[in-house]
Amino acid sequence: MKDKKVLVIGDPTQETDAMCSLLSGRYSGRYMGLYTKVPKQNGFYHFSLADVTVLEAEELIKHYDHLFFLKTKKENFRDKQVFHATRNFLLYVKNWKPIPYDVFDFAKH
Amino acid sequence: MSSTSQNIEYQLRVLDTKSTSFCGAKWYNATIFLGAGKTMSCHHNPWHDVAYTDVEKNYKALHNTDIKKQQRQQMLDGIRPQGCSYCWDLEDVGSISDRVYKSQLHSERDLDLAFKSDSNQDFDLQVLELHFDKVCQMACSYCHAGYSTTWAQDIKENGPYEDVETDKRLHYKHERRTEQLFKPDQENPFVEAFYKWWDKDLHKTLKELRILGGEPLLSPHIWKFIEWFKSKDTQCSLEIVSNLGPKVDIDKFLTVMSDKQAVIMTSMETSGHHAEYIRDGVDYELWCSNVEKCLESDVVKHVTILFTVNALSLFNMTELLEQVEVWKSQYGKERVNISINILRYPVFQNVTVLPKQQRSELANNLETWCRTHKSTLTDYEYEQLERLVNYCRIVDEPNNITEVRKDFKSFFAQYDQRRNKDINLTFPELKTWLNQI
Chain V
17 MKDKKVLVIG DPTQETDAMC SLLSGRYSGR YMGLYTKVPK QNGFYHFSLA DVTVLEAEEL
77 IKHYDHLFFL KTKKENFRDK QVFHATRNFL LYVKNWKPIP YDVFDFAKH
Chain A
-9 MSSTSQNIEY QLRVLDTKST SFCGAKWYNA TIFLGAGKTM SCHHNPWHDV AYTDVEKNYK
51 ALHNTDIKKQ QRQQMLDGIR PQGCSYCWDL EDVGSISDRV YKSQLHSERD LDLAFKSDSN
111 QDFDLQVLEL HFDKVCQMAC SYCHAGYSTT WAQDIKENGP YEDVETDKRL HYKHERRTEQ
171 LFKPDQENPF VEAFYKWWDK DLHKTLKELR ILGGEPLLSP HIWKFIEWFK SKDTQCSLEI
231 VSNLGPKVDI DKFLTVMSDK QAVIMTSMET SGHHAEYIRD GVDYELWCSN VEKCLESDVV
291 KHVTILFTVN ALSLFNMTEL LEQVEVWKSQ YGKERVNISI NILRYPVFQN VTVLPKQQRS
351 ELANNLETWC RTHKSTLTDY EYEQLERLVN YCRIVDEPNN ITEVRKDFKS FFAQYDQRRN
411 KDINLTFPEL KTWLNQI
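Top to bottom, those sequences are chains V and A.
The first sequence begins at 17 in the working numbering and counts up one residue at a time.
The second sequence begins at -9 in the working numbering and counts up one residue at a time.
The following block holds chain A by itself, in its conformation from the complex:
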């Protein structure tokens, strides 16, 4: 049975027999922003506030919020929670969604327990993505001030981006200062709650703890956290999501971890100048060298490269895939892998902004590459790339495509001016199309 068939079988047997909207992540998986006092079930969901007063009384309220409990009930009733539309969109075009992959991280017994539970019950986490703060030295085009202090600085110095009408989430309008509730040296009840929960339950239940930022290796909390993690007896795997960009002291990290192991996850979705254009602040060569340092160290179990696939990343994506292939042959197939995520917001940076013909050609190129290099990819990697190829081909343009394209042009004109870049020079293949918008 192929991996795809196995996933379909799993979805039908384990998930859909409970309900066609059931997802284990709503019970056992969370992303928590300790600096902002917010949470969401997985990174595809919108976040919502956690009440610090609730957390002071019950540290499990960091994850078990009123909103999540309502959504759990919806899933038990077979209703699709609105915030989970990433998965519903994929399922509606016949693809396997992350609902399947994320549920597979938990045992069938635990999923049954969740299904039979009262939706008001508190659950201990098994997979946690934790953000201490948003300190970041970079300001990628699709990121915003809620995740990056450098982005906040751009808005503070240059003001909001104008004429970007589809920016409904106001990614480019605000410094988003309210997403950092505490000063770096202040006591934070959300951080306290996390440490309490860890000491009581999480060190036993957590399978994966992923630390994100901003850039976590630049966070004032990180070194204290690593010392604290090292002192605990746990089977939990530690994953650090680092951009491995300038100012990140990867040597210090590898030394400090000493006898403990960690997984490094790092974002990159294309190569060279294209990467440096999209991921403002990155030095592609330095990034490659930092990935290699990680792969050469025994501290790093493996490196996962997170592709946030956006309209501009498709042109040179296969070059990065080829670099990954080289690393796989040099350091071992299991030591470096890829994870493909399709950027949905801001909508004008989603791949559907591109002309359909161009999108289709890029999908064909990617498909050809995948078929030629299938033996170097794991089944999961191949499946994800196949899913991306289908997405590029099948997904319809949004109804307001004219407005979306205007926003693409308007945003990148301002981005170029503020960041000293030139989209026409970096992506000459877009020049004619851009002039027509």
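Isolated chain V (complex conformation):
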């Protein structure tokens, strides 16, 4: 995934940033960090649905080549609605497959 734009969607904590960095290393990509605009360069970006609205996320993912959803605990979400929105967003991506995606369970890695 070196020449791709990859987005990691997780919870609004430092763990998402850490996992984005870990995934970029694993897939030989460049770590880009938290970003909520349209990406210009290849690399691994991340955000959570506390950083952008679902509608913004719907638009933004069109500009990526691959998505990683981080499987995280409900407790990590201070705002439970962000958790629910993230789960439903995953459901949308899973059912409609607007871009390729993986669910990454870091507890197993």
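Treat each hint with caution, since some may be false.
[What the hints assert, rightly or not] Here are the simulated SDA-like pairs of lysine to any residue, each with C-alpha atoms no more than 20 Å apart in a straight line:
| # | chain 1 | residue 1 | chain 2 | residue 2 |
| --- | --- | --- | --- | --- |
| 1 | V | K113 | A | E165 |
| 2 | V | K21 | V | D118 |
| 3 | V | K90 | A | K47 |
| 4 | A | K47 | V | K21 |
| 5 | V | K113 | A | K173 |
| 6 | A | K163 | V | K89 |
| 7 | A | K146 | V | K89 |
| 8 | A | K411 | A | K242 |
| 9 | V | K89 | A | K47 |
| 10 | V | K90 | A | H38 |
| 11 | V | K96 | A | Q143 |
| 12 | A | K242 | A | W213 |
| 13 | A | K173 | V | L71 |
| 14 | A | K146 | V | Y80 |
| 15 | V | K113 | A | N48 |
| 16 | V | K110 | A | T43 |
| 17 | A | K146 | A | Q407 |
| 18 | A | K163 | V | L71 |
| 19 | A | K318 | A | Y370 |
| 20 | V | K110 | A | Q176 |
| 21 | V | K78 | A | Q143 |
| 22 | V | K110 | A | E177 |
| 23 | A | K158 | V | L71 |
| 24 | V | K89 | A | T43 |
| 25 | A | K396 | A | P150 |
| 26 | V | K96 | A | N48 |
| 27 | A | K220 | A | V181 |
[To be verified] Covered by chain V, according to a simulated footprint, are these stretches of chain A (three or more residues, beta-carbon under 8 Å):
| # | region |
| --- | --- |
| 28 | 33 to 43 |
| 29 | 163 to 170 |
Since the hints were made in silico from the structure, they are not lab data.
Since this is a predicted model, take the numbers as computed values, not measurements.
Just so it is clear, CB atoms sit at the ideal spot from N, CA and C, and this is done for glycine as well.
We have chain V; now place chain A onto it with these hints.
Using the frame of chain V, we list chain A on its own:
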């Protein structure tokens, strides 16, 4: 005692003794979007996500979400939940709000139960508005891609509407594909949860079940749903909110319902070319003919015409009211009625966008019409129209009125181009004002 006095008495005695922000709808009323996995307490509220994982464990979570439970607690504490500002705005200008009307749908005993309950408790619904999906053949100016596949198609083909700065909810920017989580032929846990809840409790507790869309009579779910509803033993009243527009097979609906009755609710807020301009896709004559088919059928208990009053609907509104009057005299006063809702969003289509003088003149015309035709209206209808007259006169322009008016002009210029319409031809009374913006 007049109906208004009765409502004030009810508000003071039943609601405000609990708390001045208490509303029964937060416990017993819901709008649920099964295709989007979202809910809200009533149609004036913003929606929020329902967790499908919660719903798989407890079907009542379709309505009893964390957010609603927080808002119930706010109401018990006398705090006004922010999402309910439609009612607070009306109450602040001295009008009776929907908090009163919606609470009156529930018994005082049930309201007491809600008030004395733990806010974490799950409640069974009594009034439910249910959306299966957003399939719709029309694309009304104030609607958006979250409710209409035709609107989504407009955005997909022509891109987002530009230079509409006050469109904070992004009505006109997105296809809103995330508001249809499932493909039509897919299993949907929210639909499953609804059917489970119905079988266990809702068939006993629901008084009103209202099916909305999109256009529900074009939904892939509808015919299966009607067969299923017919097979159940329930006292629940079924209401279908249909636009009665092109492609809607009203004859099939009336035949399929056979021995069961339903209420038809249909949106229209003005007449003729004005209606066809605002409600892109509608054929006004066909709509009238479909309303008449419903009124001629024993299947339809009554037809309610839902007025979503917006800036462009005020000019010919009395013509539609006169058409309703004709139907009332032809089919019976109780067989057709009206419900007035004031459009708030998008803010540039709210009536306050119009010049205050014009707004005031339109309010005067409407008031004169109401007084002349009072005997043909029910108390509730008259009260709602009176409320609209007051709203048009009293409500202040938003602080950013210049920006709002620019958006009105900018939006309708793009709408005209995409939909092959002409606002200046349809509303010549606005031409001078539009040129000055």
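Is the straight-line distance between the alpha-carbon of V/K89 and that of A/T43 20 Å or less? Holds, at about 13 Å.
Tell me if the straight-line CA distance from V/K96 to A/N48 falls inside 20 Å. holds, 17 Å
Is V/K89 within 20 Å of A/K47, Cα to Cα? Roughly 17 Å separates the two Cα atoms, so the pair holds.
A/K146 paired with V/K89 [C-alpha distance capped at 20 Å]: violated, 35 Å
Pair hint A/K146 and A/Q407, alpha-carbon separation not exceeding 20 Å: holds, 15 Å
Going straight from one Cα to the other, do V/K110 and A/Q176 come out at no more than 20 Å? holds, 12 Å
Would you check the hint for A/K411 and A/K242, treating anything up to 20 Å between C-alpha atoms as holding? Cα-Cα ~32 Å, so violated.
With the threshold set at 20 Å, check whether the alpha-carbon distance from V/K113 to A/N48 stays at or below it. violated, 28 Å
Quick one, are A/K396 and A/P150 close enough, alpha carbons at most 20 Å? Between A/K396 and A/P150 the Cα gap is close to 17 Å, so the pair holds against 20 Å.
Take the C-alpha atoms of A/K47 and V/K21, compute the straight-line distance between them, and say whether it is at most 20 Å. Not OK: A/K47 and V/K21 at ~37 Å, beyond 20 Å, violated.
Is it true that the CA of A/K158 sits at most 20 Å from the CA of V/L71? Roughly 12 Å separates the two Cα atoms, so the pair holds.
Can the restraint linking V/K113 and A/E165 be considered satisfied, given a maximum Cα separation of 20 Å? OK: V/K113 and A/E165 at ~16 Å, within 20 Å.
Consistency note: the structure conflicts with the earlier hints numbered 4, 6, 7, 8, 11 and 15.
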